[in-house]
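*Asks:* Could you build the full structure based on these sequences and the hints that come with them?
Protein chains in written order, with our numbering: chain B, 1 to 137; chain Z, 138 to 322.
Calculated from the structure, these hints are not laboratory results.
Be careful, since some hints might not be right.
Unchecked claim - With a straight-line Cα cutoff of 25 Å, these simulated DMTMM-like cross-link-like pairs (lysine to aspartate or glutamate) come out: (1) Z/Lys195 to B/Asp66; (2) Z/Lys167 to B/Glu76; (3) B/Lys134 to Z/Asp220; (4) Z/Lys224 to B/Glu33; (5) Z/Lys224 to Z/Glu244; (6) Z/Lys191 to B/Glu76; (7) Z/Lys224 to Z/Asp143; (8) B/Lys63 to Z/Glu197; (9) Z/Lys232 to Z/Glu250; (10) B/Lys75 to Z/Asp193; (11) Z/Lys232 to Z/Asp255; (12) Z/Lys185 to Z/Glu197; (13) Z/Lys224 to Z/Asp255; (14) Z/Lys167 to B/Asp66; (15) Z/Lys224 to Z/Glu236; (16) Z/Lys224 to Z/Asp235; (17) B/Lys58 to B/Glu76; (18) Z/Lys232 to B/Glu33; (19) B/Lys132 to B/Glu76; (20) Z/Lys232 to Z/Asp220; (21) B/Lys132 to Z/Glu197; (22) Z/Lys224 to Z/Glu250; (23) Z/Lys167 to Z/Glu197; (24) B/Lys63 to B/Glu76; (25) Z/Lys232 to Z/Glu244; (26) B/Lys132 to Z/Asp193; (27) Z/Lys167 to Z/Asp193; (28) B/Lys75 to Z/Glu197.
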Amino acid sequence: MRYIIYLLIGIFFGIVMFKSEAASWFRIYEMFEFGSFHMYGIIGSALILGVLGIQIVKIKNIKTIDNNNMQLQPKERGITRYLAGGIIFGLGWALSGACPGPMYALVGAGFPTILLVLLGALVGTFVYGLLKNKLPH
Amino acid sequence: MNWIYDPWPWYVAGPLIALTMFLLLIVGKKFGMSSPLRTTCSAFGAGKAAGFFKFDWKAERWNLIVVLGAIIGGFIASNFMSDNTVKIHPDVAQKLADEYQITSAGEAYLPNEIFSIDSLRNPSSIAILVIGGFLVGFGARYAGGCTSGHAISGLSNLQLPSLIAVIGFFIGGLVMVHFLFPLIF
Numbered sequence: 001m002r003y004i005i006y007l008l009i010g011i012f013f014g015i016v017m018f019k020s021e022a023a024s025w026f027r028i029y030e031m032f033e034f035g036s037f038h039m040y041g042i043i044g045s046a047l048i049l050g051v052l053g054i055q056i057v058k059i060k061n062i063k064t065i066d067n068n069n070m071q072l073q074p075k076e077r078g079i080t081r082y083l084a085g086g087i088i089f090g091l092g093w094a095l096s097g098a099c100p101g102p103m104y105a106l107v108g109a110g111f112p113t114i115l116l117v118l119l120g121a122l123v124g125t126f127v128y129g130l131l132k133n134k135l136p137h
Numbered sequence: 138m139n140w141i142y143d144p145w146p147w148y149v150a151g152p153l154i155a156l157t158m159f160l161l162l163i164v165g166k167k168f169g170m171s172s173p174l175r176t177t178c179s180a181f182g183a184g185k186a187a188g189f190f191k192f193d194w195k196a197e198r199w200n201l202i203v204v205l206g207a208i209i210g211g212f213i214a215s216n217f218m219s220d221n222t223v224k225i226h227p228d229v230a231q232k233l234a235d236e237y238q239i240t241s242a243g244e245a246y247l248p249n250e251i252f253s254i255d256s257l258r259n260p261s262s263i264a265i266l267v268i269g270g271f272l273v274g275f276g277a278r279y280a281g282g283c284t285s286g287h288a289i290s291g292l293s294n295l296q297l298p299s300l301i302a303v304i305g306f307f308i309g310g311l312v313m314v315h316f317l318f319p320l321i322f
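*Replies:* This is the structure in structure tokens:
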């Protein structure tokens, strides 16, 4: 039953990614060219509602359906990993025009070549795991 | 105006992304779309090669189910809810055509010049796809999250590390588009 809920949330998210065009290479390119407000509006409006909602969760101490605390742990402190990792991610985001969520939606949308991007992302994740202890964090 | 068939405007899409995050929080999970990549590596046995992948990946199976859902969602959206074209700002489309010979803006969802099966005859297209993916996967894990984990979840929770990561995302993206694209395409 629980897995049906996860599946439905995923389906909903996949539809939103595709229909918002956040899964389109063109929209990502346009964003980095400052050609339209579209992507900034998506991220910005999600963020404003996200900040407000999480404040409400904290103030009202809203629990999960199992009556546990929501997973809102603070991130580890640091600068190097976030900046270096972020820049590497951004280079790939602009080149492939896809971040992880949209990649999955594009697989379903029937673009076989996105599997090469996904394969690259899995290899990248694996290589990070191999090098983790040698990288500055 | 056909609200199902037309592209969804930002003020519809953004709130629905926030809703996705809250739905996952309410069921006791969190919104982050790059973690499933790590879970997948573990499921394929990467734990034998690196401690980073030695964890109980079966406890994280839920995020693979979310991924499966996102794949189904992409199928539904592209087959039943979209004409699969993306219209970007005409000046940006013109620039793509003039400077990079990418002319499919407005006619396709992804540029045929990079993503069509035919383009794979060109080794540089394969390299663009694989290297782009590699940087996304490596960078997301190094930064501890991607656009969903940092730009939405982390910033919503007012996390300074997420702000640093998102600034990094934009530095990387701007460098790629403004300095590296002219060399690549």
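*Asks:* Work down the list of hints and note, for each, if the structure agrees.
*Replies:* Structure-based check of all given hints:
A threshold of 25 Å between alpha carbons decides the hint, and for Z/Lys195 with B/Asp66 the separation of about 20 Å falls inside it, so the pair holds. The suggested pairing of Z/Lys167 with B/Glu76 holds, with an alpha-carbon distance near 16 Å, which does not exceed 25 Å. As the CA atoms of B/Lys134 and Z/Asp220 are separated by approximately 47 Å, the hinted pair breaks the 25 Å bound. Between Z/Lys224 and B/Glu33 the alpha-carbon distance is near 15 Å, which keeps this suggested pair within the 25 Å criterion.
Note on Z/Lys224 and Z/Glu244: the hinted pairing holds, with a Cα-Cα distance of about 8 Å set against a maximum of 25 Å. Only pairs whose Cα atoms come within 25 Å are accepted, and Z/Lys191 paired with B/Glu76 is accepted, the gap being roughly 20 Å. Between Z/Lys224 and Z/Asp143, the direct Cα distance comes to roughly 11 Å. Compliance with the 25 Å bound is thereby established for this hinted pair. With a CA separation close to 21 Å, the supplied pair B/Lys63 and Z/Glu197 stays within the 25 Å bound.
As the CA atoms of Z/Lys232 and Z/Glu250 are separated by approximately 15 Å, the hinted pair is consistent with the 25 Å bound. Annotation: proposed proximity of B/Lys75 to Z/Asp193 holds, straight-line Cα distance about 21 Å (limit 25 Å). In summary, the hint linking Z/Lys232 to Z/Asp255 is supported, as the alpha carbons are separated by about 23 Å, within the 25 Å threshold. In summary, the hint linking Z/Lys185 to Z/Glu197 is supported, as the alpha carbons are separated by about 18 Å, within the 25 Å threshold.
Among the hinted pairs, Z/Lys224 with Z/Asp255 is consistent with the structure: their alpha-carbon atoms are about 23 Å apart, no more than 25 Å. Proximity of Z/Lys167 to B/Asp66 is assessed by CA-CA distance (about 14 Å); at most 25 Å being required, the pair is judged to hold. Our distance criterion of 25 Å between C-alpha atoms is met by Z/Lys224 and Z/Glu236, whose separation comes to about 18 Å. In summary, the hint linking Z/Lys224 to Z/Asp235 is supported, as the alpha carbons are separated by about 17 Å, within the 25 Å threshold.
Between B/Lys58 and B/Glu76 the alpha-carbon distance is near 20 Å, which keeps this suggested pair within the 25 Å criterion. Straight-line distance between C-alpha atoms of Z/Lys232 and B/Glu33 comes to about 10 Å, which keeps the hinted pair within the 25 Å bound. Note on B/Lys132 and B/Glu76: the hinted pairing holds, with a Cα-Cα distance of about 15 Å set against a maximum of 25 Å. For the proposed pair Z/Lys232 and Z/Asp220, the alpha carbon gap of about 24 Å is at most 25 Å, so the pair holds.
Note on B/Lys132 and Z/Glu197: the hinted pairing holds, with a Cα-Cα distance of about 21 Å set against a maximum of 25 Å. With a CA separation close to 16 Å, the supplied pair Z/Lys224 and Z/Glu250 stays within the 25 Å bound. As the CA atoms of Z/Lys167 and Z/Glu197 are separated by approximately 11 Å, the hinted pair is consistent with the 25 Å bound. Only pairs whose Cα atoms come within 25 Å are accepted, and B/Lys63 paired with B/Glu76 is accepted, the gap being roughly 23 Å.
Distance hint between Z/Lys232 and Z/Glu244 is fulfilled; the C-alpha atoms sit about 16 Å from each other, no more than 25 Å. Between the alpha carbons of B/Lys132 and Z/Asp193 the distance comes to roughly 19 Å, so the proposed pair stays at or under 25 Å and holds. Using a Cα cut-off of 25 Å, the hinted pair Z/Lys167 and Z/Asp193 holds, with the two alpha carbons roughly 17 Å apart. For a cut-off of 25 Å, the pair hint linking B/Lys75 to Z/Glu197 stands: about 19 Å separates their Cα positions.
The structure fails to meet hint 3 from the earlier list, while all remaining hints are met.
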